[in-house]
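Novice: Residue numbers (the numbering used here), protein chains in the order written: chain A, 1 to 378; chain B, 1001 to 1378.
In case anyone wonders, no lab produced these hints; they're calculated from the structure.
List time: in silico EDC-like cross-link candidates among lysine to aspartate or glutamate, alpha-carbon distance up to 20 Å:
no.: 1; chain 1: A; residue 1: K24; chain 2: B; residue 2: E1014
no.: 2; chain 1: B; residue 1: K1046; chain 2: A; residue 2: D5
no.: 3; chain 1: A; residue 1: K10; chain 2: B; residue 2: E1050
no.: 4; chain 1: A; residue 1: K57; chain 2: B; residue 2: D1007
no.: 5; chain 1: B; residue 1: K1015; chain 2: A; residue 2: D31
no.: 6; chain 1: B; residue 1: K1149; chain 2: B; residue 2: D1330
no.: 7; chain 1: A; residue 1: K46; chain 2: B; residue 2: D1288
no.: 8; chain 1: B; residue 1: K1015; chain 2: A; residue 2: D32
no.: 9; chain 1: A; residue 1: K46; chain 2: B; residue 2: D1110
no.: 10; chain 1: A; residue 1: K57; chain 2: B; residue 2: D1005
no.: 11; chain 1: A; residue 1: K97; chain 2: B; residue 2: D1031
no.: 12; chain 1: A; residue 1: K10; chain 2: B; residue 2: D1031
no.: 13; chain 1: A; residue 1: K149; chain 2: B; residue 2: D1110
no.: 14; chain 1: B; residue 1: K1057; chain 2: A; residue 2: E14
no.: 15; chain 1: B; residue 1: K1046; chain 2: A; residue 2: E14
no.: 16; chain 1: B; residue 1: K1057; chain 2: A; residue 2: D7
no.: 17; chain 1: A; residue 1: K57; chain 2: B; residue 2: D1003
no.: 18; chain 1: A; residue 1: K10; chain 2: B; residue 2: D1032
no.: 19; chain 1: B; residue 1: K1024; chain 2: A; residue 2: E14
no.: 20; chain 1: B; residue 1: K1046; chain 2: A; residue 2: E13
no.: 21; chain 1: B; residue 1: K1010; chain 2: A; residue 2: D32
Here are a few chain B residues that sit away from chain A, every Cβ distance over 10 Å (derived from the structure):
no.: 22; residue: K1181
no.: 23; residue: Q1217
no.: 24; residue: R1278
no.: 25; residue: S1292
no.: 26; residue: F1336
no.: 27; residue: A1347
no.: 28; residue: L1353
Since the model is a prediction, treat every value here as computed from it, not as a measurement.
Glycine included, every Cβ here is placed at the ideal spot set by N, Cα and C.
Number of protein chains: 2
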Amino acid sequence: MNDFDRDSLKLHEEKHGKLGIVSKVPLRNRDDLSRAYTPGVAAVSKAVAEDPSLLYKYGGKGNMVAVVSDGSAVLGLGNVGAAAAYPVMEGKALLFKEFAGVDAFPLVLDTQDAAEIVDIVCALALGFGGINLEDISAPRCFEIETALKARLKIPVFHDDQHGTAIVLLAGLINALKVVEKDKNVRIVVNGAGAAGLAITRLLHLYGFGNIIVVDSQGAIFQGRSENMNTTKAEIAAHTNSERLSGTLEDVMVGADVFIGVSKAGLVSQGMVRSMADRAIVFAMANPDPEISEADAKDAGAAIVATGRSDSLNQLNNVLVFPGLFRGALDARIEQFTDEMFLAAAEALAGLVLEPSAEKIIPSPFEPGVADAVAGVVG
Amino acid sequence: MNDFDRDSLKLHEEKHGKLGIVSKVPLRNRDDLSRAYTPGVAAVSKAVAEDPSLLYKYGGKGNMVAVVSDGSAVLGLGNVGAAAAYPVMEGKALLFKEFAGVDAFPLVLDTQDAAEIVDIVCALALGFGGINLEDISAPRCFEIETALKARLKIPVFHDDQHGTAIVLLAGLINALKVVEKDKNVRIVVNGAGAAGLAITRLLHLYGFGNIIVVDSQGAIFQGRSENMNTTKAEIAAHTNSERLSGTLEDVMVGADVFIGVSKAGLVSQGMVRSMADRAIVFAMANPDPEISEADAKDAGAAIVATGRSDSLNQLNNVLVFPGLFRGALDARIEQFTDEMFLAAAEALAGLVLEPSAEKIIPSPFEPGVADAVAGVVG
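Bound conformation, chain A alone:
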């Protein structure tokens, strides 16, 4: 274990976790108690019983998001289970509050049965104004998100899919300005899990026409028989028009953009060198990227980004989900749409007035990030 890991463990141990509950109302004496609790609360309960939507007015529903995971795809660690997902969901909840004033609460579910997860979240949803799904493996995550969106009238967002896709698209918009290339670039997406498929879908919707998605079996093409699922088949219909097969190494030759949402260390310096001139490398595997920022730069990549907080260009979902839910809660939308996602990416990219190789994306600590993203929702 390195010093940094030790530091992080120490931070989590000091106060036993990171998240606390506070009262927004005074509780100093019997009078306060009479209003916030019994008997006064009965008037509130009666009102809500008649019109449950009053939970937005008299309850925290309009500012409360559930951060839900089953621990089946935690960071880049894999299916390590719901308990291991807890510290990540707790961290996410804090970022909601810190960056957009959204109250969020971590709920880790000790089941990986998709139908059961859907039922549980639906049963719980009453107290929440939105559901942020997190670290749920593909293809179950697609099924769960689709079912929840059909059953609930509060916005449901699988951050690993859409948060990642939005921030990637924002970064790519600016990176292409820097290297002076357009939507005809050849893009290789490595990883066909939740993030890879959502990124590909959003890039396609934005107008990128030359994308090849690679999974552990190599390039995905229409008609491939092995290791496919419904979502991969849909993606194959819109990508890799030449129906190329081959390994990641094969398809990276001559590519303009590499987007990795896969595993640490899958990309060598040689593979970066084989890319087209002024190559863009977004190595997003978390916590350790497909290739380190330093190695990718050293191999000649013009622009490098990772998902790490210690990276120069950090393409982190924290740029997206707080603002997106802020906007969704304020406008009380029933569901997110693709149009909102595309607009959020453009809004985020637009915050960097003069993109450069060192800065394709704003820092999450810059003021106005959440507001800009929130502004596109509604």
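Once you have looked at the hints, place chain B on chain A.
Specialist: Chain B only, in chain A's frame:
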């Protein structure tokens, strides 16, 4: 609507509910983010994946209680549904924090199927150090609590049962000192729901031998055929040894103690007058008692208590659940026991050094209440 109800609605509207989420760790810059979130949180997740009990060390599990309701028996309002239960659960969560430093979160479930509720709570329990069940109707609440206790290794507590029973027993211990009576008193418990049956059970365990429980059909006796359930049958075996039948009015004649956990207005002044000399009236229906404090006093009751915050002797569960969970979390017990409940009642009663008709129970705002209760657990 009266001024007080309007005040309470206003309090709930001002900040849209009563509960907020805060960070216990700093989030000022990228370094902080790296430790609390990615990449640093990965070290914590890895550790927890190997040993989920580390959530007590690195997560908030050891101080976090879920306050769970299905809205089937909200206060005295009845089956008004999960949304209507939310403001009550939210209030409860605040009291946990205010009186014992316990973080608690309200979870209202949009299902009243007992087996489903058990499955949902079990699936969610990983992130919590305890489960407080609330406002769930009898006899489902017995089934749900029993099943959860069997499946979970964190303390499960149905507050309407045990919190009420403990505070009632504490009040009764002191009230009997004031009126100079002993365990041979005749006690009438009106209401055979969650609270009534739990109170009767705890009083019996404490050594009271002359109890009659009354439900909407009248006195419950062994062998009665109408409107019974398993729990009522168990209670009947230990109460009403003379197998009296009759109405509440009938059995109150000559009784020393009336305990109401039923409905507003069920007790008349005439019924109080028919009780034995130096009568004790605990009218606990919420928010409006079986008979008002003033009317009961006026009819000659020596000691009157209600569950209301504006009552002189307030027998409110808030005297119990914060401290009991504080103790349970600190000692990390796997389940509560009857012995703990009896000890909690004695500890609570013991805090009033010189009981009087005006003071049979401490105020929740007196320092040391939660500590005294917490001290009996472990």
